[in-house]
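Below are the chains, spelled out letter by letter.
Protein chains: 2
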Amino acid sequence: MTTINTGARGPYKTGRKRQREIIDAAITVFGNRGYGGSTIKEIAGAAGVTPAAVLRYFSKEQLLTEVLRDWDQHQGFVDGAGPGLAFFRALRELMEYHIAHRDHLELYLTFATEASDAQHPAHDFMYMRYRRSLTKMRRRLTEAIDLGEVPFMDEATVAYEIECLHAILDGVEMQWLLNPDVDLVGVVGQYVDRAISRWSAGTTLQEPIPRIPVW
Amino acid sequence: MTTINTGARGPYKTGRKRQREIIDAAITVFGNRGYGGSTIKEIAGAAGVTPAAVLRYFSKEQLLTEVLRDWDQHQGFVDGAGPGLAFFRALRELMEYHIAHRDHLELYLTFATEASDAQHPAHDFMYMRYRRSLTKMRRRLTEAIDLGEVPFMDEATVAYEIECLHAILDGVEMQWLLNPDVDLVGVVGQYVDRAISRWSAGTTLQEPIPRIPVW
DNA sequence: GTCTATAGACTGATAGAC
DNA sequence: GTCTATCAGTCTATAGAC
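For the protein sequence lines, the chains are A and B, in the order given. By the count of my numbering, the first sequence reaches residue 215 at its end, each step adding exactly one. By the count of my numbering, the second sequence reaches residue 1215 at its end, each step adding exactly one.
Because the hints were derived from the structure by calculation, they are not lab data. One or more of the hints may lead you astray.
To be verified - Quick list of in silico lysine-lysine cross-link-like pairs, BS3-like style, CA-CA up to 27 Å:
1) B:Lys1041 / B:Lys1060
2) A:Lys41 / A:Lys60
3) B:Lys1060 / A:Lys41
4) A:Lys41 / B:Lys1041
5) B:Lys1017 / B:Lys1041
6) A:Lys17 / A:Lys41
7) B:Lys1060 / B:Lys1017
8) A:Lys60 / B:Lys1041
9) A:Lys60 / A:Lys17
10) A:Lys60 / B:Lys1060
As the list claims (entries may be wrong) - Among chain A residues calculated to face chain B with C-beta under 10 Å, some are:
11) Trp176
12) Asp181
13) Val187
As the list claims (entries may be wrong) - Per the computed footprint, the stretches of chain A lying under chain B, defined by three or more beta-carbons under 8 Å from a beta-carbon of chain B, are:
14) 110–119
15) 161–169
For each residue, glycine too, the CB sits at the ideal point set by N, CA and C.
Let's have the full structure, built from the sequences with the hints guiding it.
Now the structure itself:
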């Protein structure tokens, strides 16, 4: 978005560092208060600068864009964990990553709910993010079938299984944010283990219902 | 909170009706923008009155209290659906209720995420609401065991099953808010059916892990 | 590159006309 | 009971000193 050199040397060095600090602060504040509830002043305070220093680089809406872009990049975390079932086994580590990066998780869930309104500036982004996430997970499960790790499942069952899994992830993450005593890794991990053994046993087909992926 | 007569007759009649309209408007706006992101002006606009008319009855924080109280009352919806497994079978109808009352659901999920910050004015309320919800559901499952509808499960397994179920509800609701094409009733209903038959088969004990309810 | 000062609009809330 | 008018405070954003 900005045309500042990414080389991070010379007179731009300090500026680039400031920008990172500001974006990190914005991630925290947006995650806490939501987009509408956040103020430049609070973001500036969290970054240890004045509001004017923040607005030197970003308008509030630019800050939203930068924050979403930054968060989206970090989401690629488990992409290398595939193929097939290995991806799902790595979800435990993803939960550990979330625990270590609470701000990112808070941002994601706050926006996912706040942006359900079509008018919200992050609505389209969150919709597409969700769509990509579900598509990726469906592909991983299909991959596991193709690799022979798991018996055949029709497309509707794959879609349903992934919708449930994604819902579990989001739901337990929500519980953990509200109450950190919740065993995020344990609950998710056990669900994944059970899902994998259910898939492997081929018992998922007992009650197929017509459903096509809607994302 | 207010000392206005609940009889809704005489000179108070119009006022009580206005108050309801304002609270309904606040539910919608809070659900869309979050608490911090909402303004009295927008709430007033949604209710079809001026900001001053809103502030005649409620401060912004009073409005939050009223909205949460109102939402909490409507949450008793499925309480009469028990005992035992009948409660879980009624979750399908709860989802239909949510579809018919999107605003209430949006409010719940927006606050559940926004209020994860301990500083949020609705934090304690949401924490307690979640706690009560999980406790109630655990009690229903224990009830089903006592009634002989379901074989014995230890306390840790009950807690885990309910955490997963609650997470599924929240997670699929989130998906539906972002994408109304999601089959909220179908996905949740099928999960519940499968959970019940899993509980009934007594296969849930295969992998007990030590866990105590943390809510 | 960051600051102070400030503009102009909007915030929650109050007072008083009708 | 609801309005207009208005308060002091805060919001995003800009201009210019250093």
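Consistency of the hints with the structure:
1. B:Lys1041 / B:Lys1060: Status holds; Cα separation ~11 Å.
2. A:Lys41 / A:Lys60: At roughly 11 Å apart (the allowed maximum being 27 Å), Lys60 of chain A and Lys41 of chain A satisfy the hint.
3. B:Lys1060 / A:Lys41: holds, 21 Å
4. A:Lys41 / B:Lys1041: holds, 22 Å
5. B:Lys1017 / B:Lys1041: holds, 19 Å
6. A:Lys17 / A:Lys41: With Cα atoms ~19 Å apart, Lys17 of chain A and Lys41 of chain A stay inside 27 Å; holds.
7. B:Lys1060 / B:Lys1017: Roughly 19 Å between the alpha carbons, so the hint for Lys1060 of chain B and Lys1017 of chain B holds.
8. A:Lys60 / B:Lys1041: holds, 21 Å
9. A:Lys60 / A:Lys17: Holds: Lys60 of chain A and Lys17 of chain A sit about 19 Å apart, inside 27 Å.
10. A:Lys60 / B:Lys1060: holds, 24 Å
11. Trp176: holds, 9 Å
12. Asp181: Nearest chain B Cβ about 4 Å off; hint holds.
13. Val187: holds, 6 Å
14. 110–119: Answer holds; 8 residues pass the 8 Å Cβ test.
15. 161–169: holds (count 6)
Comparing the model with each earlier hint shows no violations; every hint is respected.
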